[in-house]
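Asker: Sequence:
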Amino acid sequence: MPRPSSIEVLPPDILEKLQALLRDRRVSQLEVVARINDLLADRGEKPLSKSALNRYAVKMDKAGEKLRQSRDISEMWIAKLGNAPQGKTGQLINELTRTMIFDVNLQLMEKMEAGEDVDLEATMSVLKDVALSVARLEKAASLNEDREKKIRDDERARLTDEATKFVRDQGLSVSQESELRNFLMQVS
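Reminder that position 118 of the sequence shown reads as 118 in my numbering, one-by-one numbering, no gaps.
Be a bit skeptical, because a hint or two may be false.
Unchecked claim - When the alpha-carbon atoms are kept at most 30 Å apart in a straight line, the in silico DSBU-like pairs for lysine-lysine are as follows:
1) 128 x 111
2) 139 x 150
3) 139 x 128
4) 62 x 50
5) 139 x 80
6) 150 x 128
7) 149 x 80
8) 62 x 17
9) 139 x 149
10) 111 x 59
11) 80 x 150
12) 50 x 17
13) 149 x 165
14) 17 x 46
15) 50 x 111
16) 66 x 17
17) 165 x 150
18) 165 x 111
19) 59 x 17
20) 66 x 139
21) 62 x 150
22) 80 x 66
23) 111 x 62
24) 50 x 66
25) 80 x 128
26) 165 x 59
27) 62 x 80
28) 128 x 66
29) 46 x 59
The set of hints was computed from the structure by calculation and includes no laboratory data.
No experiment lies behind these values; they were computed from the predicted model shown.
Let the sequences and hints guide you as you build the complete structure.
Answerer: Written as structure tokens, this is what we have:
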């Protein structure tokens, strides 16, 4: 098993500081190394090398780019689907999840073929968590859709009541009022 990188063994608070500094595009990698090494020196820890920081920054940039691409794709599909029936959105989420699981499986097989250690239990746990998260997202989306439908239905009923009351006050017959009510409920 390869030894952990010098970044992976940093104390959690220093790692958080390092990540915050890397996200700040105004701070160069040289400044990040200097600031982190000052913090490490105060604690009597070994300094961080520029190359270790650069490798970590490149790795985080790649992960960030994948996340941005994923968000862009999701936004594109959401915009395309718009107010599509919840079932279609759910199908999209399920398809994205299947694709992700397939990608993870491919990566696992590649690592196993390369003789790298693979923690199948941890991977399966993550995939299980993803599946549970997807199920919860679909349930929440369905609840939101139901809530929005109820709000629209309540507003439609309120407006219909106001319109029929208005025309009743204008002298419409009960049958005309009933026809108007039915028409308004169908149109809105």
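Asker: Confirm or reject each hint.
Answerer: Cross-check of the supplied hints:
{"no.": "1", "hint": "128 x 111", "in the structure": "20 Å, holds"}
{"no.": "2", "hint": "139 x 150", "in the structure": "16 Å, holds"}
{"no.": "3", "hint": "139 x 128", "in the structure": "17 Å, holds"}
{"no.": "4", "hint": "62 x 50", "in the structure": "18 Å, holds"}
{"no.": "5", "hint": "139 x 80", "in the structure": "21 Å, holds"}
{"no.": "6", "hint": "150 x 128", "in the structure": "33 Å, violated"}
{"no.": "7", "hint": "149 x 80", "in the structure": "21 Å, holds"}
{"no.": "8", "hint": "62 x 17", "in the structure": "20 Å, holds"}
{"no.": "9", "hint": "139 x 149", "in the structure": "15 Å, holds"}
{"no.": "10", "hint": "111 x 59", "in the structure": "18 Å, holds"}
{"no.": "11", "hint": "80 x 150", "in the structure": "24 Å, holds"}
{"no.": "12", "hint": "50 x 17", "in the structure": "16 Å, holds"}
{"no.": "13", "hint": "149 x 165", "in the structure": "24 Å, holds"}
{"no.": "14", "hint": "17 x 46", "in the structure": "17 Å, holds"}
{"no.": "15", "hint": "50 x 111", "in the structure": "28 Å, holds"}
{"no.": "16", "hint": "66 x 17", "in the structure": "23 Å, holds"}
{"no.": "17", "hint": "165 x 150", "in the structure": "22 Å, holds"}
{"no.": "18", "hint": "165 x 111", "in the structure": "72 Å, violated"}
{"no.": "19", "hint": "59 x 17", "in the structure": "17 Å, holds"}
{"no.": "20", "hint": "66 x 139", "in the structure": "26 Å, holds"}
{"no.": "21", "hint": "62 x 150", "in the structure": "43 Å, violated"}
{"no.": "22", "hint": "80 x 66", "in the structure": "21 Å, holds"}
{"no.": "23", "hint": "111 x 62", "in the structure": "19 Å, holds"}
{"no.": "24", "hint": "50 x 66", "in the structure": "24 Å, holds"}
{"no.": "25", "hint": "80 x 128", "in the structure": "29 Å, holds"}
{"no.": "26", "hint": "165 x 59", "in the structure": "66 Å, violated"}
{"no.": "27", "hint": "62 x 80", "in the structure": "27 Å, holds"}
{"no.": "28", "hint": "128 x 66", "in the structure": "21 Å, holds"}
{"no.": "29", "hint": "46 x 59", "in the structure": "22 Å, holds"}
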